[in-house]
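> Let chain B serve as the given structure and place chain W on it in line with the hints.
Chains as they are written, first to last, in the numbering used here: chain B, 1414 to 1616; chain W, 35 to 361.
None of these hints come from the bench; they were simulated from the model.
The beta carbon of each residue, even a glycine, is placed where N, CA and C say it ideally should be.
Output of the computed footprint for chain B on chain W, the stretches with three or more beta carbons under 8 Å from beta carbons of chain B: (1) 38-50; (2) 116-126; (3) 133-141.
Here is how the chains run, residue by residue.
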Amino acid sequence: MTISWDNPGTGGGREARVKGEANTNGDGAAPGPVTVDLRLSVNGRRHPITVDTRETLLDTLRERMDLTGTKKGCDHGQCGACTVLVGGRRVKSCLTLTVTVDDRDITTVEGLSADGVPHPLQAAFIENDALQCGYCTPGQLCSAVGMLAEVADGWPSAVTPGLDGEVDLSKLADEEIRERMSGNLCRCGAYPGIVAAIGQVAR
Amino acid sequence: MRPFAYERVSTARSAVAAAGEGTDAMYLGGGTNLVDLMRLGVVAPGTLVDVTRIAGGVEETPGGGLLIGAEVRNGDLAAHPLVRSRYPMLAEAVLSGASGQIRNMATVGGNLLQRTRCSYFQDVTKPCNKRDPGSGCPARAGDHRNLAIFGHSESCVATHPSDMAVALAALDAVVHVEGADGPRSVPMPGLHRLPGDRPDRDTVLGPGDLVTAVEVPPLPFAARSRYRKVRDRASFSFAVVSVAAALEVSGGVVRDCRIALGAVAHVPWRAEAAEAALRGAPATEERFGLAADAELARARPLPLNRFKVPLVRNVMIRVLADLVEVR
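Bound conformation, chain W alone:
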């Protein structure tokens, strides 16, 4: 592992300053992904700026939303009473991810910016356009069973691994960023980007940009929401497919909805076509299936992950039906 300088900071501005002065600097949150990638030789920062001591918590915003500090640990986030009561899909998504130990370490900011678990990306002996631009993508002809069915490119078929980000994409979260030019905000969806011909860029953030907080806007009907995750074993495993959904139904008709899918794209995938098909439609399993079909019309599965198409359909129908039944 390349030797690296280490600096611990207590404010976002000082973090950005330290990163600007450091050689090949990266921000360190819980380290659950970054430290592993450094050991694997996938990334080799010359400076680590430890941002875990920057003060931040979970605060209410005017109107009933939440402002979540980027350094809040995943375990604390999922246990927070207001997260559990206002946005159960967010608590469920975080609780479905990783293990108790990892959740105690991982931060909200680091969770958003974690890298794909595509096996070729993590293996420096293999080509990978995300790790080494222009070297090629063995996944397209190789093991892509758990990779993307939406929005992939010739360059990259990787998926974003976060569960939490799927819920945040469904909830129209806004990411607060501190950069060299000061603070700005980036909406979700919109933080993560599709691979195109630059799969080395996971997000729209630039060098030195620091995620400082995530703001979840008020959404009263999200008090009835779900995150359902399908995986290869019952616990401590990345998603094969996941669905985050909130549904507002009155008089048997869907008045509004939010749906996002996980483990199907380079980004947490907001199911806009499904949402459009559902708004104003009867809240029936038949219509839930038609909404899933509307979304899946955009899918371009690869030979080994065609199973994800019916799996997304089935899980989406089940989640939406469960939301109607709990009313």
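Same shape as in the complex, but just chain B:
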């Protein structure tokens, strides 16, 4: 297990590197797991942790840090249940290798509320009956937080009329919400409530 941070300016571009090398047992057998010591920033706290390079952020959160709010659905990036925020942008934690995000701020559904007060989207999901079984809900919430930030930044979507036009959070249409949230599936079919809840917070 190794992690090395070379002296700045001496490595020709490899000066700030995280490096995990194989743990060899010397008998010519298949190489063993490669592990790296990291400090992972999750919901505002830094956690020292040793991870296998193969480990996904989803598994690290759920299996190693007891942050089981983030859900494993398809584990192939297709359902959105594992959505978390990395550097403020929504991503799929099932396709994110933990070793790649040690220098990023990670926010999970457990980090959305503040001082016991639900995030406005959490309150709106309850008010609008935006869930049935609830399994997809943490991913829907993190995705919606990231999506509204994208809209606030003026990002267009595939259904935004005229790419040169302004993207206005206060006029976010249901069609826009549906398109922008298409990376999150809900097998219970709570979509009408989800769209209403997000629209209520946006507008």
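Positioned in the frame of chain B, the structure of chain W alone reads:
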């Protein structure tokens, strides 16, 4: 999954050096395709070189083009004001692909080099000449509904899945590559290759080659351009057929045009025959149809994807007609 060493680099040269030293090294961008393929057992690198921290953005080039860093995320690319205003087909293509989360992860370089979504390629229990050369191609007699109608071979009928690459092929983009022997450039079309008897090779790049940037040359009339994608559901789905087009019309005559097709070949398919038929022709739906026919004369559809021939024709006519109407 095979254990792998991991190295993060901050320059293209160090990435190439790290890949040269590593065992069975591959470059890691957003990981949206590569990590999934590793989990499926389709690929098994011994080293991952993480290139996402290499600095790069979207910069203007002299003359009005853009230089796009390979590590720019798809979401940032599609939102960029100069991409939206100068090359709307490129922004539309990126926005039509995948989902918001995937676009936030996926890089420009990784988007270009993503692998086919042919179901046999992704299933290690099935033969596939692309994954396991010489093992055979079940798609030709099996499920090829969404596979190629142009340029396929006995060995492989896979399609390239990227939307972005279709727009870049239409725009004559130039791919900047760093290799063991230094930097070079590869034009699009020309980066991706037809399968022939080597379907395991998606592109002309060699081992250790790293895509560092994509340069889009100036094309003023591309400010009026479109990417139209037909798919099996309204969002978060790969194309069944797509068309990227830019049209320069004056006095009712097509002065110049760029047309490329997606989900029809092993490469983003530049519709050169259609373009040749259109240049100098009246900008009418009848002539748009004749241009589509000129391109589709080269099509060799398979039994389950014959529908793509009229679909390409209809979508191409619609896109070109829309471009005339928005003038």
